[in-house]
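Engineer: Listed here are the chains, written in short residue letters.
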Amino acid sequence: AQSVTQLGSHVSVSEGALVLLRCNYSSSVPPYLFWYVQYPNQGLQLLLKYTTGATLVKGINGFEAEFKKSETSFHLTKPSAHMSDAAEYFCAVSGRRNYGQNFVFGPGTRLSVLP
Amino acid sequence: SQTIHQWPATLVQPVGSPLSLECTVEGTSNPNLYWYRQAAGRGLQLLFYSIGIDQISSEVPQNLSASRPQDRQFILSSKKLLLSDSGFYLCAYLKQNTEAFFGQGTRLTVV
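Protein sequence lines correspond, in order, to chains A and B. Following the working numbering, the numbering of the first sequence begins with 1 at its first residue and continues without gaps. Following the working numbering, the numbering of the second sequence begins with 1001 at its first residue and continues without gaps.
Any given hint could turn out to be false.
As the list claims (entries may be wrong) - Capping the alpha-carbon separation at 30 Å, the derived lysine-lysine pairs in DSSO-like fashion look like this:
id, chain 1, residue 1, chain 2, residue 2
1, A, 68, A, 49
2, B, 1079, A, 69
3, A, 58, A, 69
4, A, 58, B, 1079
5, A, 68, B, 1095
6, B, 1095, A, 49
7, A, 49, A, 69
As the list claims (entries may be wrong) - Output of the computed footprint for chain B on chain A, the stretches with three or more beta carbons under 8 Å from beta carbons of chain B:
id, region
8, 15 to 24
9, 39 to 50
10, 105 to 115
Said to hold, decoys possible - Beta-carbon label-pair distances, calculated as ranges:
id, chain 1, residue 1, chain 2, residue 2, range
11, A, 29, B, 1059, 16 to 24 Å
12, B, 1071, A, 8, 12 to 20 Å
13, B, 1003, A, 62, 25 to 33 Å
14, B, 1083, A, 107, 41 to 49 Å
15, A, 20, B, 1027, 18 to 26 Å
16, A, 107, B, 1098, 19 to 27 Å
17, A, 70, B, 1012, 43 to 51 Å
Worth flagging that the hints you see were computed from the coordinates, not collected in a lab. Even for Gly, the Cβ is constructed at its ideal location relative to N, Cα and C.
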C-alpha cells in the first residue's frame, strides 16, 4: 500500500524567493512519484515525475524535485518564485504494479506568492 | 496522443435531483479510469476506479455510483443529490501506471 503526506497545507513565499514544498511517502514497493499542479477550477497538470534513473528530476515552469529513498521524500523546489506559481500542488505515489487503486495523492499544499 | 474529456464544466442542481457526469478518453485502450472529488479546501478523494468494462470499485460509501458501459467511457451518477455532494469532480486515467491524466473537472453545486 502507498500513502503520501505533505507538510504544510498552505505555504507563502515572496516573489523571487525559494519555493520548497515537502512530500513524504510510504510504499511497500519501489515507487513512482509525481507532482501535479492545479489552478483554480481546473484539472491537475503534471509538473514532473520520477520513475527510474536520475533522482533529481526537472519539470516544467522551472520546478524540480529530488527522490531521496533514505528519507522517503520527494520535495519540490523552485529557485525563484513567480506570481504565476500561485496554485495548489499535489504529490502522488504509484507502485510499480498495475492495480487500479495504486495511485495515491497527498492532501495538497496551497502556494501563495506575495509581491 | 491521449486526451480526456469531461463534461459539463459547471452544474447547479437542486437537492434530490439526479446526476450524470460523463468522462471519455481518446487515444488509448483499456485504460484504468478514476473519479475523484475535491471538496472546498480539501485534497483529492478517490471515489471510484475501474480497470475494465463493467468493473467498478468503490473506495468510499456514498450517495454516488459509477458505470463503465464502454472501454473509454466512465460515468458518475446519483439518483438523488444531497447538499454534501457539492464539490469539484475530476475524472482521470492512468497511463501504464506511470502517469495520471486529468479532465478539466466539473464544478457541482447542489442547492
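Engineer: For each hint, tell me whether it holds in the structure or not.
Structural biologist: Against the structure, the hints come out as follows:
| no. | hint | in the structure |
| --- | --- | --- |
| 1 | 68/A with 49/A | 13 Å, holds |
| 2 | 1079/B with 69/A | 46 Å, violated |
| 3 | 58/A with 69/A | 17 Å, holds |
| 4 | 58/A with 1079/B | 45 Å, violated |
| 5 | 68/A with 1095/B | 24 Å, holds |
| 6 | 1095/B with 49/A | 13 Å, holds |
| 7 | 49/A with 69/A | 15 Å, holds |
| 8 | 15 to 24 | violated (count 0) |
| 9 | 39 to 50 | holds (count 7) |
| 10 | 105 to 115 | holds (count 4) |
| 11 | 29/A with 1059/B: 16 to 24 Å | 20 Å, holds |
| 12 | 1071/B with 8/A: 12 to 20 Å | 40 Å, violated |
| 13 | 1003/B with 62/A: 25 to 33 Å | 26 Å, holds |
| 14 | 1083/B with 107/A: 41 to 49 Å | 23 Å, violated |
| 15 | 20/A with 1027/B: 18 to 26 Å | 36 Å, violated |
| 16 | 107/A with 1098/B: 19 to 27 Å | 22 Å, holds |
| 17 | 70/A with 1012/B: 43 to 51 Å | 50 Å, holds |
Violated hints, listed in ascending order, are 2, 4, 8, 12, 14 and 15; each of the other numbered hints is respected by the structure.
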